[in-house]
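Peer 1: Residues per chain, in single letters:
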Amino acid sequence: MADFYGFTGKIARVDLTSETVSVIEPGEDVYRKYLGGSSLGAYFLVKEGILDPSVDPLGPDNLFQIMIGPVTGAGANPRSVVVTKSPYNFFCASTAGGHAPAELKMAGWDGIQVTGKAKRPVYIAVIDDNVEIRDASELWGMEVEEAEIHMKKAVLADLETREAMVRDADLTPEWAEMRPPKRKGLGEKRLAHAWLIGPGGENQVWYSAVMTEGARAHGRWGGGAVMGSKNLKGIVVRGTKGHQLADKKKYMSLIRNVQVSQSTNYFWRSYGTAGIGARSAYVEDAFPIRNWQWCCWADPNVKAITGPFMDTTSFIRKSSCAGCSLHCLYPVETTSEDPLMDGVISDMPDWEAMGMVGGNLGFMEMEGSDPGEPFTGDHNDQAENLAKLQFTTFLHDNYGLDFIEGGANLALLMELYQRGLISADDLDGIELTWGDVHAVDELMKKIIEREGVGDKLAQGTYETAKYFAELKGKPEIMDYSMTAHRYGQPAHDVRSPADKNALEYVTVNRACAHTGGGGSGFKQEDYPAAVAGQNGTAATNSLSICTFASGNWGGFTLDILKAATGWDDYTEEDLNKVGAREYALSRIFDIHTQQLKDPKQEYDMQVPPRWFDDPLPTGPHKGAVAYEGDSSKLFNENLPAYWEARGWTKDKGIPTVETLKELGIDDVAEDYAQELL
Amino acid sequence: MAEVERRDLKKEPSEEPKQSGGGVSRRDFLIGGGAGLSGLVVGGVIGREVLGKPAPAPEEVEAPAEEEAPAGEESPYKTGHTLVFDPYQCTGCMQCAQACAEKYADFLYPEETTHLMNLEFSRIRPMRFQHVDVLNYCTYCQLEEWAEGSSKFPCEAVCPEDAIVTIAEGEGVEGYYGMGYKWIDRDKCLGADKCWRCAEICEDQFGSGISFDPIDKKAQSCSRCGGDPECVKVCPEPGALQWVPIGRNGRYYAHQPTAYAELLYRKMYNTRREL
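Just so you know, the sequences run in chain order G and D. Take 1 as the starting number for the first sequence in my numbering and just add one per residue. Take 1 as the starting number for the second sequence in my numbering and just add one per residue.
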């Protein structure tokens, strides 16, 4: 009889300064309140005082966590969540799929926490109960794909490795004579999975990702830089202990239903998120083009950003996370006349990449024309444009960078260059015109090496804008920073009524996330519904499973959780509260760590003026702006109404003491709230 | 050497597979009953024991067996077949391994695994390399008598306990082993603490088709579910994993996982890369 089902009850705590490993046992009460993943991570950040402004995000005291949940492991759609204080000095809870999250549960852990800073580059090897800190000096400086191959090779389970035993005499004489045994023993299996950083994270580029399987990223908010600051190249896991489940047969049969329903989910199974490109541009009018100056090409024949075109041109195969039938990732091989891009092997790109490092960088138009003009090229020109986009996606993945913030950063610079607000002299001689993939390549090398101007750009879009605004004495430069809460806007616009509502970006607890949920509630100004949607997403990230699969989990999630944990009394309301807790704690975290006196003015109102001031120039929603151009309605009417629906104060958006008590988190958060209220 | 029985010549199949204690049937499983029996007694025989005498290894058959159904109900259990996977269709989703692990954990260790789902019981394991997935399982290599002095499985040839056996049709446990496929006699196997010759010779010269169960550390290798593999039934990708008549010696499908991945990488991406 295990102490826990679903959970293992244990989190590995690695102190890289003292090179010690200990075990944290949160206990059932904590698991019931927070489940795991993002919410449990938020709990530790607050409980351990990481929100204190004295904790430098890139200093040894910051707490880096990779958390999973009770249904991560056996089953389907596992996600791991990187939870830490972001280099941008706000809450980071960034998820990724793959196989590593399930492997961690099989190794017997609900998460890994890392504090301190190693004296030299290291990686952490987890083989079941054994957690080792190993030298990574050979891996430091390596790009993601290469380093991951090395790390996975280095970790084998006990039963997969043995000294040589077979002798010639074990074979027939004829066999032994022709092919004597090599005497290498056992060691050919490759079942470990890894999380790691690339050169971006090593050099603490603020928007560095924590990568897995080459192309899957805990992309946003800079978890990779936090790893880099700790001299931690990666974590590699091999688990052979399995997953303890309260009612295994019921659990596995519910999971099987999810898997079977996924296997007929044509949307995901055709092109993954690449399938929505055409809709986003030509139906929703919400695709990022040239730093959001356009959201739809005048000519709907620009098609390199669509799933079918990408598939026809370059998809090689398809790749699933553990237990998933959606296979939304497609490895590709790029073919191009330009040797820079020819033969690059990477993934698709997915939705965000095709927006942020595709349309947004001006890759999709013929040279000399702009998005408001007809597309004059042929199919090969479209394919060459796609190659630029795939190459830039590959660079971000392999350097270990968030291509959303990275794309926002590059697009900002390109627009400043277009408008003559900066020149090549400001970019170490690089002429950064729209669509120039060679210029992008050069600039990205500077960013990851933090060389020359790259050292400034490595701090992300908002700081880049600030740097040039001050350098040039032109405050209007800030207007082109397409950021909310000082972080790059993902590839969904808020001006078109067909896509996101602006308030969604303003209220999501992870700066400017596109995956916060609550969309229809925001559009209808039904804030209790919006809050419930956000809480549901946060609960999904705490469980922690993939939100893409939530349609197939729909209606079964609670039953699956119950079958895993044996908590027969757990309710939908309990799940909702997990999300509400994460929102309350992360809000307090953000305000306290930044020491905001007037959070709305100092933080929440940092959004792109373009949302309200620049009408969409083309497409089905031509002329649209957010909130009919009235930002005060958003900030002074709707935002307070949303805060009220959360049980937060209407002036600053601070969770009230009553709310904290109702959520049962006053024990960790009340003192902070009292100070902020 | 014995011939593999041709399907069209073999005797009338039994109408219904014997219920094999241990687990829930696939149908129950899909419905989500969860009220499986946990006994191991199958037809009066304890499931963990190897039934019957080993039959010689199947020989290669150049012409695929006819797919002609005999009169009456067709048995789902097929002799002379093998597993092949298509690396373009396989997505590395692990559902084959989940199903295999569950089936054999429940068969061999129903009590110990009442609450435990552990992939280590699986005889088939996807392995993920950069942008390539390899599906790792026993491909039924055979030595060549004229060159290597034996026609046994290599693992069988090096086993000091004769624990690797072929179970003839009509013997074994339907749905688990038999019908001319390999099985490991768990009473004879010494376990990985004492001996790993089978796994070592496999990795040394062929593939990596043998693993060890996480409880008693006895060798485990694909028994083709006695002719009706569970992995094929649960695979969500059409064509990714197929159950087809044996066309050639299994050794020509076998590669060490890393070598396999490197070959597939060459094929898929026209690039040589160390994986």
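Worth flagging that the hints you see were computed from the coordinates, not collected in a lab. Check before you lean on any hint, since a few could be wrong.
With a cut-off of at most 25 Å between alpha-carbon atoms, the simulated SDA-like pairs for lysine to any residue come out as follows [stated by the list, open to error]:
1. G:K119 <-> G:G9
2. G:K250 <-> G:E28
3. G:K250 <-> D:H255
4. G:K456 <-> G:G429
5. G:K153 <-> D:H255
6. G:K184 <-> D:P110
7. G:K250 <-> D:P110
Selected chain G positions facing chain D (Cβ under 8 Å, derived; list incomplete) [to be verified]:
8. M165
9. F267
10. S320
11. G323
12. S632
Ideal Cβ positions, reconstructed from N, Cα and C, are used throughout, including at glycine.
Peer 1: Name the hints, by number, that the structure is in violation of.
Peer 2: 1, 3, 6, 9 and 12
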